[in-house]
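Protein sequences appear in the order of chains A and B.
Quick note: the first sequence uses the UniProt record's numbering, first residue 1, plus one each step.
Quick note: the second sequence uses the UniProt record's numbering, first residue 1, plus one each step.
Since the hints were made in silico from the structure, they are not lab data.
Where hints are given, some of them may not hold.
Rough simulated footprint, nothing fancy, chain A against chain B, three-plus residues with beta-carbon under 8 Å [unchecked claim]:
| no. | stretch |
| --- | --- |
| 1 | 82-89 |
| 2 | 96-103 |
Far from chain A, by Cβ distances over 12 Å, these chain B residues were calculated [said to hold, decoys possible]:
| no. | residue |
| --- | --- |
| 3 | K32 |
| 4 | S65 |
| 5 | N73 |
| 6 | S93 |
| 7 | L128 |
| 8 | P142 |
| 9 | F148 |
| 10 | E150 |
| 11 | H153 |
| 12 | A170 |
| 13 | T174 |
| 14 | N245 |
| 15 | E252 |
| 16 | I255 |
| 17 | D289 |
Even for Gly, the Cβ is constructed at its ideal location relative to N, Cα and C.
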Amino acid sequence: MKHFIINRVLSGILVIFGISVFSFLLIHFIPGDPVKIMLGINASPEQVEKLNHHLGLDKPLLVQYWQYITNAFQGDFGTSLKTGRPVLIEILDRFPETVKLAIFGLFVAVVIGVSLGIVAAKFKDSFIDKMCTAFATLGISIPSFWLGILLVLVFSVKLAWFPIANGTGFRDLILPAFTLGVVASTMIMRLTRNGMVEVLSNDYIRTARAKGLDDGLILFRHALRNVLIPVVTVIGLQLAALLGGTVIIEQVFNWPGLGTLAIGAIMSRDFPLIQGIVLFMGVMYVTINILVDVLYSIIDPRVEMGTKEA
Amino acid sequence: MSNLLVVNGLTTQFESKNGPLTVVDGVDFTLKKGEVLGLVGESGCGKSVTSLSILQLLDKYGKISSGEVLYENTNLVNKTEKEMKKIRGKEISMIFQDPMNSLNPVLTIGKQIGEVIEKHEKVKGAKLKQKVVDLLNLGGIPRADEIFHEYPHRLSGGMKQRVMIAMAIACNPTMLIADEPTTALDVTIQAQILDLLRSLKDELDMSILLITHDLGVVAEMCDRVVVMYAGQVVETTDTRTLLRNPRHPYTEGLIQATPHQSKGKSRLKSIVGQVPTPDQYSPGCRFADRCPKAMDICQSNVPPLFEIDGQTSCRCWLYEMKEEVI
Chain A
1 MKHFIINRVL SGILVIFGIS VFSFLLIHFI PGDPVKIMLG INASPEQVEK LNHHLGLDKP
61 LLVQYWQYIT NAFQGDFGTS LKTGRPVLIE ILDRFPETVK LAIFGLFVAV VIGVSLGIVA
121 AKFKDSFIDK MCTAFATLGI SIPSFWLGIL LVLVFSVKLA WFPIANGTGF RDLILPAFTL
181 GVVASTMIMR LTRNGMVEVL SNDYIRTARA KGLDDGLILF RHALRNVLIP VVTVIGLQLA
241 ALLGGTVIIE QVFNWPGLGT LAIGAIMSRD FPLIQGIVLF MGVMYVTINI LVDVLYSIID
301 PRVEMGTKEA
Chain B
1 MSNLLVVNGL TTQFESKNGP LTVVDGVDFT LKKGEVLGLV GESGCGKSVT SLSILQLLDK
61 YGKISSGEVL YENTNLVNKT EKEMKKIRGK EISMIFQDPM NSLNPVLTIG KQIGEVIEKH
121 EKVKGAKLKQ KVVDLLNLGG IPRADEIFHE YPHRLSGGMK QRVMIAMAIA CNPTMLIADE
181 PTTALDVTIQ AQILDLLRSL KDELDMSILL ITHDLGVVAE MCDRVVVMYA GQVVETTDTR
241 TLLRNPRHPY TEGLIQATPH QSKGKSRLKS IVGQVPTPDQ YSPGCRFADR CPKAMDICQS
301 NVPPLFEIDG QTSCRCWLYE MKEEVI
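Isolated chain A (complex conformation):
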């Protein structure tokens, strides 16, 4: 187990290194002079030179990267050009809001997705199953911003059950989390349903039935754990995506998370902030993926061995 985790962490570090190179180079990939873009067309040569110097862009590339990475290790990701505050502070200010939204959204997604998936599999090919499939198709096809706007229109504007996009309290959380959850649940539901149908036809389920076990026990103890393996991957990826800030939903609900921060940074060409957010999201993905891998080996004892049978 220890060996397994160390392995995953080392390869994770490698990926983060790659992301750091990419986010560092971002500023150099921009066509034209990034500093001129940042300052606008009316900037004087002195201003350009000053900012170039401030950002260290007048030094050789390798020196720049070295500086970037050593600073990053000390928690210094540069300062936001717009607010003048350190990038890390900007990100950490917004992160809790995103976490709140992500966790709650994921909770909604898992509850809806897993339970509908089980029900659909249990009543395979029945009317219920078909309704669940229709729901999933609908959920996948509907753009999340449209669903978000629709929910605001119905529940906030018409029914006035929830406030309209202006706070971060629990009541403000429900609609955006529900929007995220419904969209994310469709994938979880399809996977759970298909996995469940496959697992239920396995020999070991017949063994469990031959033992006289109750249906609930067979479903939850014997089947669900085997189904969870692909489902946990998707849940993990979705969590990582949600933690990276759900740009569109945060925008629709005016939620002060990482997503709106990223949009703001892009709009105002705040390159250090953009770099910081990209790197942060990357680290988020990698960390969650490592956690998912560790979780696998807890759910499926064969994973750790590296000899998973077909």
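Put chain B on the given structure of chain A with help from the hints.
Below, chain B without anything else, positioned relative to chain A:
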């Protein structure tokens, strides 16, 4: 010996696009107390479906359409699912062909054996663990204390089948259905598993319904044999008579197709053709197309089971005039 299980006219059908398919067609046999009864036939002749029908473990497309399964004189076919759950694993338990896939990969051996005891005998905690370890020992599994905490993928096929057997005998069942228990195992392991089954049968006073296509296993284990072909019983007799004096041409074919250690020189004879699928059954004898002794009547009329002597009955027109129809 008194009868433990009497199967009368058991007919099992599966739904299909072209209407119901009769996979098991009016099967009759009797399992006596303390007996090992062999259920023999080629793949696809309905042996497994028969055994699954007894415990009503068919999938949702399969249904018992008529007949009765009398276990200790009560008809299991009339039992509700809830009542059947109390019988499965407790009164009648079952082991399967493929031990590799018959154990749940994500649960420990201890858990999987323990849960059947927990369900039927309400034993818990340290007492339960001790019982499971005892069962593992009884199943001939070494290092039972360690294996208790292991997952199935760490065990070999033979060990998994021993675990399956330990699980099946956990609640002292009166009857064990063993569906090709050795087919997926190495020959040396096969012998060990058969030995284990035989000693457990005596120790626990069980009756065994042994499903196999291997006449070597039959010779080794069974007291009496039921031969099935295309969903029907074609011959029922004691093992000795079956092997020495097979009556049905199909049984004869099966025996001729079995390798025998002492007869290395002669070539094995195979039975020409294949078992017909349920939608291809002819109006006459289902074996007629492959039968070297087929007569005109075989093509048009289904032979009934003719009783030949007190021990033997055979579904073949060859025995028509000789004996009464049962």
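Tested hints:
no. : hint   : result
1   : 82-89  : holds (count 6)
2   : 96-103 : holds (count 6)
3   : K32    : 23 Å, holds
4   : S65    : 21 Å, holds
5   : N73    : 21 Å, holds
6   : S93    : 7 Å, violated
7   : L128   : 15 Å, holds
8   : P142   : 21 Å, holds
9   : F148   : 14 Å, holds
10  : E150   : 9 Å, violated
11  : H153   : 5 Å, violated
12  : A170   : 8 Å, violated
13  : T174   : 14 Å, holds
14  : N245   : 36 Å, holds
15  : E252   : 34 Å, holds
16  : I255   : 31 Å, holds
17  : D289   : 33 Å, holds
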